[in-house]
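Colleague: Chain by chain, the residues:
2 protein chains.
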Amino acid sequence: MITVNLLGSGNVGTHLFKAFSNASNVSVNQWYSRNLKSIQSFQNEVSLCDDLSSLDETDILVLAVSDDAVATVSEQLPTTNGLVVHTSGSVNIHDLDKRHRRGVFYPVQTFSKEVTVDFSQVPLCIEALEKDDYQLLKSVASAIGSPSYKISTEQRQYLHVAAVFVNNFSNQMYRIAHEISDGHHINFDILKPLITETAKKVQTVSPYMAQTGPAKRHDKKTIKRHLKLLEDDLHKEIYTLLTDSIKKTHGKKL
Amino acid sequence: MITVNLLGSGNVGTHLFKAFSNASNVSVNQWYSRNLKSIQSFQNEVSLCDDLSSLDETDILVLAVSDDAVATVSEQLPTTNGLVVHTSGSVNIHDLDKRHRRGVFYPVQTFSKEVTVDFSQVPLCIEALEKDDYQLLKSVASAIGSPSYKISTEQRQYLHVAAVFVNNFSNQMYRIAHEISDGHHINFDILKPLITETAKKVQTVSPYMAQTGPAKRHDKKTIKRHLKLLEDDLHKEIYTLLTDSIKKTHGKKL
Chain A
-15 MITVNLLGSG NVGTHLFKAF SNASNVSVNQ WYSRNLKSIQ SFQNEVSLCD
35 DLSSLDETDI LVLAVSDDAV ATVSEQLPTT NGLVVHTSGS VNIHDLDKRH
85 RRGVFYPVQT FSKEVTVDFS QVPLCIEALE KDDYQLLKSV ASAIGSPSYK
135 ISTEQRQYLH VAAVFVNNFS NQMYRIAHEI SDGHHINFDI LKPLITETAK
185 KVQTVSPYMA QTGPAKRHDK KTIKRHLKLL EDDLHKEIYT LLTDSIKKTH
235 GKKL
Chain B
-15 MITVNLLGSG NVGTHLFKAF SNASNVSVNQ WYSRNLKSIQ SFQNEVSLCD
35 DLSSLDETDI LVLAVSDDAV ATVSEQLPTT NGLVVHTSGS VNIHDLDKRH
85 RRGVFYPVQT FSKEVTVDFS QVPLCIEALE KDDYQLLKSV ASAIGSPSYK
135 ISTEQRQYLH VAAVFVNNFS NQMYRIAHEI SDGHHINFDI LKPLITETAK
185 KVQTVSPYMA QTGPAKRHDK KTIKRHLKLL EDDLHKEIYT LLTDSIKKTH
235 GKKL
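As given, the protein sequences belong to chains A and B, one line each in that order.
Counting from -15, one number per residue, gives the positions in the first sequence under my numbering.
Counting from -15, one number per residue, gives the positions in the second sequence under my numbering.
Careful: at least some of the hints might be erroneous.
Same chains, same label: a pair holds when it works inside one copy or across any pair of copies.
As the list claims (entries may be wrong) - Listed next, the in silico DSS-like pairs over lysine-lysine satisfying Cα-Cα at most 27 Å (straight line):
{"id": "1", "residue 1": "K134", "residue 2": "K212"}
{"id": "2", "residue 1": "K220", "residue 2": "K115"}
{"id": "3", "residue 1": "K97", "residue 2": "K122"}
{"id": "4", "residue 1": "K220", "residue 2": "K97"}
{"id": "5", "residue 1": "K82", "residue 2": "K220"}
{"id": "6", "residue 1": "K204", "residue 2": "K232"}
{"id": "7", "residue 1": "K176", "residue 2": "K82"}
{"id": "8", "residue 1": "K212", "residue 2": "K176"}
{"id": "9", "residue 1": "K205", "residue 2": "K184"}
{"id": "10", "residue 1": "K220", "residue 2": "K208"}
{"id": "11", "residue 1": "K176", "residue 2": "K134"}
{"id": "12", "residue 1": "K208", "residue 2": "K134"}
{"id": "13", "residue 1": "K232", "residue 2": "K212"}
{"id": "14", "residue 1": "K176", "residue 2": "K2"}
{"id": "15", "residue 1": "K200", "residue 2": "K97"}
{"id": "16", "residue 1": "K212", "residue 2": "K97"}
{"id": "17", "residue 1": "K176", "residue 2": "K122"}
{"id": "18", "residue 1": "K97", "residue 2": "K184"}
{"id": "19", "residue 1": "K231", "residue 2": "K220"}
{"id": "20", "residue 1": "K231", "residue 2": "K212"}
{"id": "21", "residue 1": "K134", "residue 2": "K122"}
{"id": "22", "residue 1": "K212", "residue 2": "K115"}
{"id": "23", "residue 1": "K97", "residue 2": "K204"}
{"id": "24", "residue 1": "K208", "residue 2": "K184"}
If you are wondering where the hints come from, they were derived from the structure by calculation, not from laboratory data.
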């Protein structure tokens, strides 16, 4: 049995609590939050606390706190033999207080508080300073059914930027499409299956191979007509820049 | 039984042929292609032809030909009592030869020749000059299991631009993420569940509500660090522009 103390009650903390609780060989000993009210509903499932000094000894302490709080919280922890890990995509492993054995357990996924998470669809990027600690984190990932990958702090930073492109920026493409469709009384539902299919395609085919459309075809007539239709200057600018980006990817001169 | 002559053997034509063939109350009478070789393998299922003048009378003639060919092909068709429809996202209904009853049957989806298409996931945008013709096209959509929407030529143009955003531009976001991950020996598989989840979220929640990340949070520190990490000038430019777009959407000053 791997014992864990969990710190933080945001989306990541809450979903990790559920995943750890469901795993047969992981046990959450204490759950810490500055704001006990936010996790009050779990009081019958786990021991809650809001005082770092009252944390007992466990195999792992998981800091699911905001990026800015990682260093401070790790400094304030009591001295422990446990492995202290953070869950952030951008914080350096060395930002954890050096009194501790240190590691990273970064889930690459977007979480909503209300939606149940299938952890088989949550890749975990693992880093540790010691080989045994790396193996321990790999066991935890495996216990909650997640695939895991060995990722250095430097790689993790790049992964975090890449995640902004596939998550925040793709979502903004959907948003702009929503603005366009709403502006012309077109039901946004019409575009939903296309959104699904576009994401599905790159699960088996590279984004390079999956590309289609006027930019890739270098179809100047359609591009010109689209630019004329777009009413928002920022939409025009985005259309032009991303069309250039696709042309560059597919070997066309800008 | 609704009888159809199908013209064109590209992705759309081929998938429509299969959908029509599977529908119990639609029958494909003839399949026309300039290049008979490309549909030779279907010769036992349907009568093939490469001569427009040999087309028999049917209820509907579906022109699944390239945008540029719609007007010409519709002019070269023999005079018919059938309803002549094109399948393009951008061609005006009036570009069809005015000798004919005219309509549009535009599937909003991305097709690959090899991949089987589930037509319940292919919204059909329907337009016709006559009410009865509109009803006829609605019946065909329903026969192949597709949801259908009444969309005017003008709306269809906007829908086509919006489709470029959710399909081509989202895919380019995946491509850039792939470039970043490849450049740092990071397995692109790590990002695939996030791509799926991002597309899944907006099936039930608006893209506005689904947005997260540094741009929405106005997290200047992370944005600055990301821009420093990005090595490609075009990636930097895209990051900056889309960050501005998200800030604008979420009411932050640029």
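Colleague: Run every hint past the structure and note whether it holds.
Modeller: Here is how each hint holds up against the structure:
1. K134 x K212: Between copies only: 24 Å across chains, 47 Å inside a chain, cut-off 27 Å.
2. K220 x K115: Close neither inside one copy (51 Å) nor across copies (36 Å); limit 27 Å.
3. K97 x K122: within (25 Å within a copy, 40 Å between copies)
4. K220 x K97: neither (35 Å within a copy, 32 Å between copies)
5. K82 x K220: neither (50 Å within a copy, 34 Å between copies)
6. K204 x K232: The answer is within: 15 Å in one copy meets 27 Å, while 29 Å across copies does not.
7. K176 x K82: neither (48 Å within a copy, 34 Å between copies)
8. K212 x K176: within (25 Å within a copy, 34 Å between copies)
9. K205 x K184: For K205 and K184, the Cα distance exceeds 27 Å both inside one copy (29 Å) and across copies (33 Å).
10. K220 x K208: both (11 Å within a copy, 25 Å between copies)
11. K176 x K134: For K176 and K134, only the inter-copy Cα distance (17 Å) is at most 27 Å; the intra-copy one is 34 Å.
12. K208 x K134: Classified as between; 26 Å across copies, 46 Å inside a copy.
13. K232 x K212: Result: close both inside a copy and across copies, 22 Å intra and 22 Å inter.
14. K176 x K2: between (30 Å within a copy, 23 Å between copies)
15. K200 x K97: Classified as between: cross-chain Cα gap 18 Å, same-chain 39 Å, threshold 27 Å.
16. K212 x K97: neither (41 Å within a copy, 32 Å between copies)
17. K176 x K122: between (36 Å within a copy, 20 Å between copies)
18. K97 x K184: both (24 Å within a copy, 15 Å between copies)
19. K231 x K220: Answer is both; intra-copy 16 Å and inter-copy 17 Å each pass.
20. K231 x K212: both (19 Å within a copy, 24 Å between copies)
21. K134 x K122: Classified as within: same-chain Cα gap 9 Å, cross-chain 53 Å, threshold 27 Å.
22. K212 x K115: neither (58 Å within a copy, 31 Å between copies)
23. K97 x K204: Between copies, since 25 Å is at most 27 Å while 45 Å is not.
24. K208 x K184: neither (29 Å within a copy, 31 Å between copies)
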